[in-house]
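Asker: Residue numbers (my numbering), protein chains in the order written: chain V, 1 to 238; chain Z, 1 to 238; chain F, 1 to 238; chain Y, 1 to 238.
It is worth saying that the hints were derived from the structure and are not from the lab. Careful: at least some of the hints might be erroneous.
Put simply, identical chains are the same to the list, so a pair is met inside one copy or across any two.
[To be verified] Simulated crosslink set (PhoX-like; lysine-lysine; CA at most 20 Å straight-line):
# : residue 1 : residue 2
1 : Lys6      : Lys187
2 : Lys187    : Lys38
3 : Lys6      : Lys39
4 : Lys48     : Lys6
5 : Lys6      : Lys38
6 : Lys218    : Lys150
7 : Lys150    : Lys234
8 : Lys187    : Lys39
4 protein chains.
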Amino acid sequence: MSIERKINVLDENGYVMIHDVLGTDLTVANAARVSYAKKSATLTEGDKRLIDFLAREGHTSPFRHVIAQFEFNAPLMVARQHWKYVVGSSMLEATGDNMDAWNESSRRYVTEEPSFYVPQPNEWRSAPESSKQGSGDIVPAEIGIEAFMKLMDTFNTGVIRYEWALANGICAEQARLFLPAYGMYVKYYWTASLQSICHFLNQRLAHDSQVEIQMYAKAVLELIKPLFPISVDKLVTE
Amino acid sequence: MSIERKINVLDENGYVMIHDVLGTDLTVANAARVSYAKKSATLTEGDKRLIDFLAREGHTSPFRHVIAQFEFNAPLMVARQHWKYVVGSSMLEATGDNMDAWNESSRRYVTEEPSFYVPQPNEWRSAPESSKQGSGDIVPAEIGIEAFMKLMDTFNTGVIRYEWALANGICAEQARLFLPAYGMYVKYYWTASLQSICHFLNQRLAHDSQVEIQMYAKAVLELIKPLFPISVDKLVTE
Amino acid sequence: MSIERKINVLDENGYVMIHDVLGTDLTVANAARVSYAKKSATLTEGDKRLIDFLAREGHTSPFRHVIAQFEFNAPLMVARQHWKYVVGSSMLEATGDNMDAWNESSRRYVTEEPSFYVPQPNEWRSAPESSKQGSGDIVPAEIGIEAFMKLMDTFNTGVIRYEWALANGICAEQARLFLPAYGMYVKYYWTASLQSICHFLNQRLAHDSQVEIQMYAKAVLELIKPLFPISVDKLVTE
Amino acid sequence: MSIERKINVLDENGYVMIHDVLGTDLTVANAARVSYAKKSATLTEGDKRLIDFLAREGHTSPFRHVIAQFEFNAPLMVARQHWKYVVGSSMLEATGDNMDAWNESSRRYVTEEPSFYVPQPNEWRSAPESSKQGSGDIVPAEIGIEAFMKLMDTFNTGVIRYEWALANGICAEQARLFLPAYGMYVKYYWTASLQSICHFLNQRLAHDSQVEIQMYAKAVLELIKPLFPISVDKLVTE
Numbered sequence: 001m002s003i004e005r006k007i008n009v010l011d012e013n014g015y016v017m018i019h020d021v022l023g024t025d026l027t028v029a030n031a032a033r034v035s036y037a038k039k040s041a042t043l044t045e046g047d048k049r050l051i052d053f054l055a056r057e058g059h060t061s062p063f064r065h066v067i068a069q070f071e072f073n074a075p076l077m078v079a080r081q082h083w084k085y086v087v088g089s090s091m092l093e094a095t096g097d098n099m100d101a102w103n104e105s106s107r108r109y110v111t112e113e114p115s116f117y118v119p120q121p122n123e124w125r126s127a128p129e130s131s132k133q134g135s136g137d138i139v140p141a142e143i144g145i146e147a148f149m150k151l152m153d154t155f156n157t158g159v160i161r162y163e164w165a166l167a168n169g170i171c172a173e174q175a176r177l178f179l180p181a182y183g184m185y186v187k188y189y190w191t192a193s194l195q196s197i198c199h200f201l202n203q204r205l206a207h208d209s210q211v212e213i214q215m216y217a218k219a220v221l222e223l224i225k226p227l228f229p230i231s232v233d234k235l236v237t238e
Numbered sequence: 001m002s003i004e005r006k007i008n009v010l011d012e013n014g015y016v017m018i019h020d021v022l023g024t025d026l027t028v029a030n031a032a033r034v035s036y037a038k039k040s041a042t043l044t045e046g047d048k049r050l051i052d053f054l055a056r057e058g059h060t061s062p063f064r065h066v067i068a069q070f071e072f073n074a075p076l077m078v079a080r081q082h083w084k085y086v087v088g089s090s091m092l093e094a095t096g097d098n099m100d101a102w103n104e105s106s107r108r109y110v111t112e113e114p115s116f117y118v119p120q121p122n123e124w125r126s127a128p129e130s131s132k133q134g135s136g137d138i139v140p141a142e143i144g145i146e147a148f149m150k151l152m153d154t155f156n157t158g159v160i161r162y163e164w165a166l167a168n169g170i171c172a173e174q175a176r177l178f179l180p181a182y183g184m185y186v187k188y189y190w191t192a193s194l195q196s197i198c199h200f201l202n203q204r205l206a207h208d209s210q211v212e213i214q215m216y217a218k219a220v221l222e223l224i225k226p227l228f229p230i231s232v233d234k235l236v237t238e
Numbered sequence: 001m002s003i004e005r006k007i008n009v010l011d012e013n014g015y016v017m018i019h020d021v022l023g024t025d026l027t028v029a030n031a032a033r034v035s036y037a038k039k040s041a042t043l044t045e046g047d048k049r050l051i052d053f054l055a056r057e058g059h060t061s062p063f064r065h066v067i068a069q070f071e072f073n074a075p076l077m078v079a080r081q082h083w084k085y086v087v088g089s090s091m092l093e094a095t096g097d098n099m100d101a102w103n104e105s106s107r108r109y110v111t112e113e114p115s116f117y118v119p120q121p122n123e124w125r126s127a128p129e130s131s132k133q134g135s136g137d138i139v140p141a142e143i144g145i146e147a148f149m150k151l152m153d154t155f156n157t158g159v160i161r162y163e164w165a166l167a168n169g170i171c172a173e174q175a176r177l178f179l180p181a182y183g184m185y186v187k188y189y190w191t192a193s194l195q196s197i198c199h200f201l202n203q204r205l206a207h208d209s210q211v212e213i214q215m216y217a218k219a220v221l222e223l224i225k226p227l228f229p230i231s232v233d234k235l236v237t238e
Numbered sequence: 001m002s003i004e005r006k007i008n009v010l011d012e013n014g015y016v017m018i019h020d021v022l023g024t025d026l027t028v029a030n031a032a033r034v035s036y037a038k039k040s041a042t043l044t045e046g047d048k049r050l051i052d053f054l055a056r057e058g059h060t061s062p063f064r065h066v067i068a069q070f071e072f073n074a075p076l077m078v079a080r081q082h083w084k085y086v087v088g089s090s091m092l093e094a095t096g097d098n099m100d101a102w103n104e105s106s107r108r109y110v111t112e113e114p115s116f117y118v119p120q121p122n123e124w125r126s127a128p129e130s131s132k133q134g135s136g137d138i139v140p141a142e143i144g145i146e147a148f149m150k151l152m153d154t155f156n157t158g159v160i161r162y163e164w165a166l167a168n169g170i171c172a173e174q175a176r177l178f179l180p181a182y183g184m185y186v187k188y189y190w191t192a193s194l195q196s197i198c199h200f201l202n203q204r205l206a207h208d209s210q211v212e213i214q215m216y217a218k219a220v221l222e223l224i225k226p227l228f229p230i231s232v233d234k235l236v237t238e
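Next comes chain V alone, as it looks inside the complex (with noise of 0.2 Å):
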């Protein structure tokens, strides 16, 4: 079923497009029956129970059936966790799925200017006192004011420096040291299943990971909720 919603996400250049999904919550208690070798026409009672059960008892293979496409616009540092999260690699990211397609602009083929996510002067947030990582209250204004200002500097001396080394000749490989890359956008397609994708959502919308891509994630959880309504209800606890 090709479809086309697209939510903005930190500023006017971020956002979370679905283009298309493949099946539905019917297709869950399907999947699931085969074991029996039984098979539904629509959605009954018993099929809702079936998906809670499964969901509850951690039987999640039959949610990997059901797939959705996602376009992204993220910065740079959002695009990474979520990538961590679909290599399954960092310390605080296991992942349940690899059924995940990704594709992704790159600086190596892509040389027109690039934007940034710049958080407003109220946005700058304060180290947490009790943890390593995440973050607490908003900082002080002046601090925030200072920092954006600092930061658009970055940028705009970034810009013009790389832009001064692709005007010299220098390659797009190495042009791009001179970019601050954690705030850079990037687009990306992603294609995984429900129960990565629900998986995903259970990570990224807990209270300590950032909140960047909390934010993200709340879109995606606002795209699929309508499109499978039980199964996300089951399978997202956070």
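Following the hints, put chains Z, F and Y in place on chain V, whose structure we already have.
Answerer: Positioned in the frame of chain V, the structure of chains Z, F and Y alone reads:
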């Protein structure tokens, strides 16, 4: 896009059915173009050349963003070879992709009378002369007739003993020891990317793969060719 | 570290052998600490607490850097359930990892006389009263004796017909249709991460999994416990 | 077998270290021979021919039973390309294997002063004339000198602002926005099968891959060649 189309294979029991797909040839081109942050609205001649280039150069990740979902009813020996492909495990079958979901019926749960695939008297093949695997010409008629009759008896006796065991209170997971399982039909769902499907086809359409699985592969090819004409044409080389 | 240790399972044919391992408990701690760019030379009390924390909080990716390699000889019905775990496919078995390699013997190539697993007369179990799967108490002696004798006959007849087919020139891939495959021994190599192995153990040591595979799981546990004592203790909860 | 060998790459900060391996060339041959239920005790000429056959015909699953574990210290732009390979995601990089584990350092946790990779004045390369990617000859000396000095200033200013942000209570996950991340060193563990490692080498030793990652690939090749001489010789074709 929900579609339902079914092709019978082997006999009146065997089949491949396509349930649903996600994406089109255009999805492949756009997933590739995201590296350059570009996107098409309709499939152009340039997109077709791009798909050809991707397939030819082995840049297959964009084909992972197109998905199809199948239901199979196949003898266990076919299903096992298909799984081996999915696990990427047997000596002759390396997988290029594991974007696969798999759910199947199990004799630990299903206790209905099983159905079996019996090659007709004129369908028994000889051992090949020059290879340790595969098969050659049809065996002489009297051997084929005897094989057919012996196998009918094996299946009948197997089912009688299986039902005797169940009727006498033996658990299903042990009762199945009486079943001549290689020929027994099992039902399974397979959801896979176009990359994975075409890799499977290139392996299983090959003349040295088992004839029975070649027939399933031909049905899969017939089902997907009209849906992704350019990609399938470029990726399937057998 | 090359090691060779073998434990017999089920009867004189069945076994699990460990061939080799990569890493120790310390590898887990160091793979986790790389997030903080830290590293230990010997396993400290702090490392043990870290491993406990990782297991408890489900941060299992560091356990993927420890690998073990096994050789199994197991009835096909055990191997199939084991594969299903690896594919992450059956309704009751979701995999948390696919860092698994798998190679196995195949009746498309092997034509030596097969060996079979025959439960002794006092090893036949009844169907459970309250569940669609699993098994209960041992069946009455006279049923067990009759089942044993019928199964011996099934295996003998199967082998006689299989060898008749081969002797009459039928190809191996069809001749195997005569074999009662569920009880037939197959040999396979399984190379997997400690995360994957322990996930398998938690699924297969559970009392509702098939008794025969529980026995293989116990052998795996006995083989790996002395090698990775802290990690196995924390990850295996059954 | 625990081994420790380190090769410096790029400058005094960059390196690849091998920590440990599982298996030898013999493991490959035995994993392949299990299809025929056969096994060798020492590597014979027949085993070498078998490895050559497996590599030539693309039957690569036996190479998944041999594993090596590496520690990298590499600029983020190298690490990102390496990850892309592992995710199997970028347009130009399809992965043939995902038997990979990955853990890495993160600027969400690490707040020590970062180190950076700065190409020396005579190491800046020009854009290639005929391709959208890659690089050509060294740029004129005066451009190289200016690029070097601008980049030193970019890194110094980035670090000063990063430390200003941390000192003023801004959380690490936002403070890193000031860092010119592409050149920043990150440390990571990569545990992968020989199939995966050699696939990576074939991609990254190629003349059109980024020069900096080619240098890491060469170090990996030098580390594994003496350990698996036959397999590496047959699998690495670049």
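Asker: Decide, hint by hint, whether the structure agrees.
Answerer: Now for the hints, and whether the structure bears them out:
Within a single copy, Lys6 and Lys187 get their C-alpha atoms as close as 14 Å, which meets the 20 Å cut-off; across copies the closest is 36 Å, which misses it. In the homo-oligomer, the alpha carbons of Lys187 and Lys38 lie at most 20 Å apart only across protomers (10 Å), although the nearest pairing inside one protomer, at 42 Å, exceeds that limit. In this homomeric assembly, Lys6 and Lys39 come within 20 Å of each other (Cα to Cα) only across copies, at 16 Å, whereas the closest approach inside a single copy is 34 Å. Taking the closest pair of Cα atoms, Lys48 and Lys6 never come within 20 Å of each other, the shortest separation being 29 Å inside a single copy and 27 Å across copies.
Taking the shortest Cα distances, Lys6 and Lys38 sit within 20 Å of each other only across copies (17 Å), while inside one copy they are farther apart (37 Å). In this homomeric assembly, Lys218 and Lys150 never come within 20 Å of each other (Cα to Cα): the closest approach is 29 Å inside a single copy and 40 Å across copies. Taking the shortest alpha-carbon separations for Lys150 and Lys234, neither the intra-copy value of 45 Å nor the inter-copy value of 47 Å comes in at or below 20 Å. Taking the shortest Cα distances, Lys187 and Lys39 sit within 20 Å of each other only across copies (11 Å), while inside one copy they are farther apart (39 Å).
Comparing the model with each earlier hint shows violations of hints 4, 6 and 7; every other hint is respected.
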